[in-house]
Amino acid sequence: MSHRDETTEARRMAAHDLVRMARVEIVARGKDSASVQDILRSSGVTGWTALSQAGGFGHSGYHEARLLFNDHDALSLTIAIMPDERLDLVLAGLRALFEDRSGVFFVADTYVSRPEYFA
Amino acid sequence: MTPVLTVLVAIALAAPAAAGIVAALGERAILRRLAATLAVVGVAAAAALLGRVLTSDPVRLGDADAPLAIVDRLSAVVLLLSVGLSAIVLGFAARYLDGDRRRAGLLVGLGAAATAAGATAVAGTLASLTAAWIVTTLAVIWLLRGAGAGRAAGTLLAGDLALLAGVAIIIDRVGDVPVDRFGDAAGSLDSGIGLVAGALLVAGAAVRAAQLGGGGWLIRTVGAPTPVSALLHAGVVNAGGYLLIRATPGIPGEALVLAAVVGGISVLVCGAAVLTRPDVKGGLVMSTRAQMGFMLLQIGAGAPAAAAVHLVAHGCFKATLFLASGGAIDGVRRTRDTPRPLGAGTRPALTAALVILPALAVLAVVAVAGNLLAATALPVVVGATLLATRAGSGLVERAAALTTGGAAGAGAGIAVLTLAYVGFVEGGIAVLSDAVPEADPMVAATAVIATVGALLVVLAVVRSLPGPRRRLAPAAEALYPTVSSLGRPEPFRLPTRRVTPLPGAGENRPKRQRIRAQVARAADVVPPLWPLSTFVAVNPFGGFDNEPFEDGMRRAAALYGADMMPSAHQLAEAWRTGQITGADIDAALARDLPETAVPSDLLRGVMLAALDTPRPTPAPVRSRAERLAPSAARIVDREVADVVACWLDDRAGWSPPARAAGLYASWRHTAARDRLAWRLGVRGLRRAVAALPDDPAEAIDLALARLGVPDGERDLELRRQMARLPGTTGYLRYLATHSRGGPSIGVMVELAAVRLSLEALLVPDGMGPDTPPEVPDTTDPVDPGAVLRHAGRAGEPEAAEAARAAIPPERRAALWLGAAEQAFRRRLLARIDALPDEGPPRPAAQLAFCIDVRSEGIRRHLEAAGPYATLGFAGFFAIPMRFRALEAPGATDACPVILTPRHEISEAPAPGEEHRVAHRSRRLRLLAAIEHAAHRAKDDPSSPYPLAEAAGLPMVVLAALRTSAPSAAARIERWLARRLAPPARLVPATSHRPAREGDEITIGMGDAEQVFWAEAMLKAMGLASGFARLLVLAGHGGTAANNPHRAGLDCGACGGNPGLPNARVAAAILNRPEVRAGLRERGLDLPDDTVVVSALHDTTLDLVTLDLDGVPATHMEDALRLQEHLHAAGRAAAAERALELPGAPRTAEAAPAHVRARAADWAQIRPEWALAGCGAMVVGSRELTRGRNLGRRVFLHSYDQALDPDDAALAVILTGPLVVAVLRVDGGARCLRLGVEDAAQRHRRHRGARGPGRRYPHRPAGAVGPARRTHPASAPAAARGRRRARGEGGAGDLPPNPARSPRPRPLGEHRGAGRHGRTVV
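Order-wise, the sequence lines are chains A and B. For what it's worth, the working numbering labels the leading residue of the first sequence as 1, then goes sequentially. For what it's worth, the working numbering labels the leading residue of the second sequence as 10001, then goes sequentially.
If we strip away everything but chain A, and leave its shape as in the complex, we get (with noise of 0.2 Å):
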């Protein structure tokens, strides 16, 4: 997306009264998944929403979702909103956490109607 064309998305979510945010979205191993919320935590990421038993394919191979009687070898999936000012702190916990173990991260814009929620 151009420089013009993001300018153009957020007056037109300006119009809906919707604020920018940044969004991250985490997919690490369960047992990594409080170190993720630390850090969000830590970096004054006020709430997120967490998504144990995710599954999918990757460098690793298949990863199966659901294993009945094991929660702790399963993905889990983290989704935070935050401000732009939030973010720098989150990468870079992020950044040093996944430096040795597998995971990724993706970050977006999105748009949100209630900003002090997420401030």
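Hints in this document: simulated from the structure, not taken from any laboratory. Since the model is a prediction, treat every value here as computed from it, not as a measurement. Even glycine gets a Cβ: it sits at the ideal position worked out from N, Cα and C. There could be a bad hint or two in this list.
Between beta-carbon pairs, the in silico distance windows are [said to hold, decoys possible]: (1) A/G55 to B/D11089: 28 to 34 Å; (2) B/R11121 to A/S102: 53 to 59 Å; (3) B/A10705 to A/D88: 19 to 25 Å.
So the derived list for chain A, only partly shown, Cβ under 10 Å to chain B, looks like this [said to hold, decoys possible]: (4) S43; (5) L51; (6) S52; (7) A54; (8) F69.
Dumping the calculated SDA-like pairs for lysine to any residue here, alpha-carbon to alpha-carbon at most 20 Å [stated by the list, open to error]: (9) B/K10511 to A/R41; (10) A/K31 to B/P10710; (11) A/K31 to A/S60; (12) A/K31 to B/L10707; (13) B/K10511 to B/L10716; (14) A/K31 to A/D88; (15) B/K10511 to B/L10707; (16) A/K31 to B/N10539; (17) A/K31 to A/A50; (18) A/K31 to B/T10737; (19) B/K10511 to A/R95; (20) B/K10511 to A/G55; (21) A/K31 to A/W48; (22) A/K31 to A/L68; (23) A/K31 to A/G55; (24) A/K31 to A/G56; (25) B/K10511 to A/D100; (26) A/K31 to B/G10741; (27) B/K10511 to A/F98; (28) A/K31 to A/V104; (29) A/K31 to A/R41; (30) B/K10511 to A/A50; (31) A/K31 to B/H10738; (32) A/K31 to B/E10547; (33) A/K31 to B/G10742; (34) B/K10511 to B/P10710; (35) A/K31 to A/D73.
Guided by the hints, dock chain B onto chain A, whose structure is given.
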């Protein structure tokens, strides 16, 4: 008469030493009996002597002016105390120390110490008393070897020197006088010399009694084995008081004032410090110091007879408490499962009056009638009042549990306790006053005593009333750092005298976040560690599961400084006995070594030659502080272990300030005010701690910079920081990741901040750059000649060289491990591949046991006993529940730790049982209230002194019974428990309750969920048709007394809890018509005449007990027959198992009684072998293994591939039960070997499996640990010990299985392992 008395004295004195020596000769039953007989004879002789002097005059043996021994009432009582307690302690120790390498030395030392203590009591002259005293000290130093002996010995000997000097002065002036004229002789000295001699005696006595600065030696001994602690606290520290009691008449008043002041300070300070200690033994140490202080106070008050009474009662009281300290974890479980107290009550004032007033009224009457209000007896009345009010208020705190009748009964009980106290003290004083005349105290001493007494009364009042308590909170906060550090182990010497604060730095928030993440990664090397009350082990190599096995082992070995592989000796033995063959080595080499042209006999030659040479060990990873200043690193370990334990202990009477602000903030608050700097002799520490940054990540950054850790080494430094105290780190990780309401995972950052800040401050600033790493020695220790010799060749050095090069030295141990595993696998498969045994066509009953290896034996014997079919399934029976006992305050996650509980299920009265259940509930609440009151009275600063005197004798009688006749004691306890709280029938409340606000979890289970889990269970165990009339689900648990590791015997699939609740829930669900209808829709047709019955398999007793209450009349006959067969199978299984238990009889007839006695024995730390030696898991039909003796070393999971076309059930088994089984492999070994440590005593000593960590098993701290995580190499050691116990070449012996602890692997890898067909090994 004199010769008879001489013989009696000789017998009483010699008996403990002789009993110790005989017990030390071995573990055979005859030696135990002989030792016990000797000990009892000694007690009888001491009792006879006491009887003699109670009925006539004191006895003097030998010359009148220089008697060999003097037996008057005081010395006879103290002699009986020493000999009697030593009989109990030796009896306890002889079983407690079974298998310990130091067993013989400790038993001899215990006997010698008791004999010397007895000789101190009856010594005839001053010189012989002093000699016996010093021999006692030497025996104590011998006993404390390796458990803080070094500096403890220094302090004790310094005290002895003071005593020697004082005695020397007296002997120099008046000669070696008989002990009973000791006081007069001391009194006849010139006032100046007399004062000096008196002060020296007081100093010597104060050190032995662990008073003031001389008390540090006792703190250092908390790591001693429990029986040693018991004897120290009951028989050795008393000698200080005994000496002063003897000398009182002659000691100058000023010296007595000194004794009173010293004692008074101990009573106030050490009594308060008890409240801060998180570990059971640490609390008891501070309590002993306070109690000894109380005795000195009594002596200072001119009441030596009262002091003697206290000496005796406290000795009995404390010995029992020490020996029983392993029961603390049982207390945690009891509190969790006992019905919670009901609210605040409607009439608290009335209840309080009913509880407390009877005691006070009776006391008033007795005091007036018995003229106890005289000045000398006033302390007794005050003590009795304090005891009654403290115990009473403890009961009132649970007042709502009491009905009016209950309250009145409790009040009567407290009145009796109070009377017992007064009677015992007054009676004791009357008996002893002949031997110990009262003295006139100086006014100053009286003032000290009055002040201390008044302060105790005020303290008791303040602690009872919420208002004043709140107002005094700031003062308590200010005092906490000083008081709490009194109970900490003494630090080491430090190579610095001045601490420089860390420099400040600008705020860099992204950097902080990076550090947080770095710490989170580093913390992964230490897996979570569950509390002892729900003991669950996880893979100790869990932090290395991203790496190939060998690499992970090597890295873990370097990080923990521990060799992970089986020892060369162990492997050589397996090779020599043919358990590992050449083919096994070849197979391991072929599998794990890259292809090479070297002939296999030469490769084998290298492997065999490697057993003769030292094994290369990886260079240990050490933290920066360990390299720069090892003593600083050790101090940090001790301090941090203690700080964390105090911070975590929410049951402590006095918690650290700023606890809620987090570990780091709380530590800073305390460390900026405590006495560490003073104890270390450094300046500036408090200020430097106060100047640390508020943010823990920033503190880590500054500390790493000060320590000179470059960025590239930070990861390794942080990992080592986490691995230094694996118990503490692991428990914090458990709290952060698996407990409800625990701290967030950020607590790991706080832990690292505390550790690194303290290290950075204690390592001298500006120490030079690190020395360059040593260049590892790359010389191959194996000689080519040895390779050729082992290969059976000659004269081919080049070929040997090539073979040597093909197997690098660092890989040889892992290849040997591979060979050992191959040997195990080969033999196991040889048995399983034999012709399947199809079993009975229509079994009379099907019994599903847990996959646990301990089920294998009883399953085999049951199938041999009758037409029964058995199955294996994870013992939680697919019920992912949180279980709450009836009206209990706490709940447990009764499912595998890798599973999150989905439903909370509690208990409810069975139909028609409502009244009985309510009655039982009331009684349990009352008993819990009494227990609470006893704890309050014991731990409060004001009341433990009268409590010790009231309870000492009854407690020691109980201890004697539990030691001499554990089975009878257990029967009495069970009978009493049934009488006090008659059992009532409960059923699980499975029905679903609509969600309410605040529910953390679904309460109960809906019908659809019940069908879902029932289907999962039946299909996963391959049971879809052919149901018998009885289907038994047997959960399992273990039995142990006074054993903090008891939960380690329970079901791992139930989260370290007994499996009966899960079996009951599963049975109740399967019996519901609605569930059966749902199952039928899914193709699982349970016939109407199939009844599902729950049962408990007690693995320690080999006893399977059916829940016959739930069996309908139509099936009762079958069930009763099955129960009979289960009993027979249990007896056979017990006989088989007893062959492997050390000290067990070898006959089948005696085995069941032995395993029962073992389970009930409070001195037994190893009631069963649990999972030690387990080595494989078979997933498949029972046909494969039926009739095969697998030696209780194989997990058996039932599975039918025909029912599982898409492998879904296999996937469930491999990702669930298999992973848990692997965890239990470690856990089983661990619960045997683990020494509980309040990691402050972090010794790196590890014992063979038959000596599992016994040196610390009674040191639960704060009800949870922190426990020392075992050396990961312990599992092979456990296997070795078990083999040794069973004797080489025993029937059904499989080769050693050095536990390999495979990591839980992703699904794909397990599928690969399934290539053996239906059997996955």
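Right, here's what the structure says about each hint:
In this structure, A/G55 and B/D11089 break the distance hint of 28 to 34 Å, their C-beta atoms being roughly 43 Å apart. Our hint of 53 to 59 Å for B/R11121 and A/S102 holds, since their Cβ atoms are close to 56 Å apart. Look at B/A10705 against A/D88: about 22 Å separates their beta carbons, and that is inside 19 to 25 Å. Using the Cβ-Cβ criterion of 10 Å, the hint placing A/S43 at the interface with chain B is satisfied: the shortest such distance is roughly 6 Å.
Because the beta carbon of A/L51 sits about 14 Å from the nearest beta carbon in chain B, more than 10 Å, this interface hint is broken. At its closest, the beta carbon of A/S52 sits 8 Å from a beta carbon of chain B; the interface hint therefore holds under the 10 Å criterion. Restraint check, A/A54 versus chain B: the minimum CB separation of about 15 Å is more than 10 Å; hint violated. Against a cut-off of 10 Å between C-beta atoms, the interface hint on A/F69 holds, since the closest Cβ of chain B lies about 3 Å away.
Of the pairs offered as hints, the one joining B/K10511 and A/R41 holds, with about 15 Å between alpha carbons and a cut-off of 20 Å not exceeded. Restraint check for A/K31 and B/P10710: the C-alpha separation of about 29 Å exceeds 20 Å, so the hint is violated. A distance of roughly 17 Å separates the Cα atoms of A/K31 and A/S60; the hinted pair therefore holds under the 20 Å criterion. At roughly 31 Å between alpha-carbon atoms, A/K31 and B/L10707 are farther apart than 20 Å, so this suggested pair is violated.
Under the criterion of a C-alpha separation no larger than 20 Å, the hint pairing B/K10511 with B/L10716 is consistent with the structure, at around 18 Å. Under the criterion of a C-alpha separation no larger than 20 Å, the hint pairing A/K31 with A/D88 is inconsistent with the structure, at around 24 Å. With a C-alpha separation of about 18 Å, the suggested pairing of B/K10511 with B/L10707 holds against the 20 Å cut-off. For the hint linking A/K31 to B/N10539, the alpha-carbon distance of about 14 Å falls within 20 Å, and the restraint holds.
At most 20 Å may separate the alpha-carbon atoms for a hinted pair to count; A/K31 and A/A50 meet this at roughly 13 Å. Between A/K31 and B/T10737, the direct Cα distance comes to roughly 8 Å. Compliance with the 20 Å bound is thereby established for this hinted pair. The suggested pairing of B/K10511 with A/R95 holds, with an alpha-carbon distance near 11 Å, which does not exceed 20 Å. With a C-alpha separation of about 32 Å, the suggested pair B/K10511 and A/G55 falls outside the 20 Å cut-off, and the hint is violated.
Pair hint A/K31 plus A/W48 holds up; C-alpha atoms about 17 Å apart against a cutoff of 20 Å. Restraint check for A/K31 and A/L68: the C-alpha separation of about 17 Å stays at or below 20 Å, so the hint holds. Between the alpha carbons of A/K31 and A/G55 the distance comes to roughly 14 Å, so the proposed pair stays at or under 20 Å and holds. A threshold of 20 Å between alpha carbons decides the hint, and for A/K31 with A/G56 the separation of about 17 Å falls inside it, so the pair holds.
Between B/K10511 and A/D100, the direct Cα distance comes to roughly 18 Å. Compliance with the 20 Å bound is thereby established for this hinted pair. About 18 Å separates the Cα atoms of A/K31 and B/G10741, which keeps this hinted pair within 20 Å; it holds. Restraint check for B/K10511 and A/F98: the C-alpha separation of about 15 Å stays at or below 20 Å, so the hint holds. Among the hinted pairs, A/K31 with A/V104 is consistent with the structure: their alpha-carbon atoms are about 14 Å apart, no more than 20 Å.
Distance hint between A/K31 and A/R41 is fulfilled; the C-alpha atoms sit about 17 Å from each other, no more than 20 Å. Between B/K10511 and A/A50, the direct Cα distance comes to roughly 26 Å. Violation of the 20 Å bound is thereby established for this hinted pair. With a C-alpha separation of about 11 Å, the suggested pair A/K31 and B/H10738 falls inside the 20 Å cut-off, and the hint holds. For the suggested pair A/K31 and B/E10547, the alpha carbons sit about 17 Å apart, so the restraint of at most 20 Å is met.
Of the supplied pair hints, the one linking A/K31 and B/G10742 holds, its CA atoms being roughly 16 Å apart against a limit of 20 Å. Note on B/K10511 and B/P10710: the hinted pairing holds, with a Cα-Cα distance of about 15 Å set against a maximum of 20 Å. Pair hint A/K31 plus A/D73 holds up; C-alpha atoms about 7 Å apart against a cutoff of 20 Å.
Violated hints, listed in ascending order, are 1, 5, 7, 10, 12, 14, 20 and 30; each of the other numbered hints is respected by the structure.
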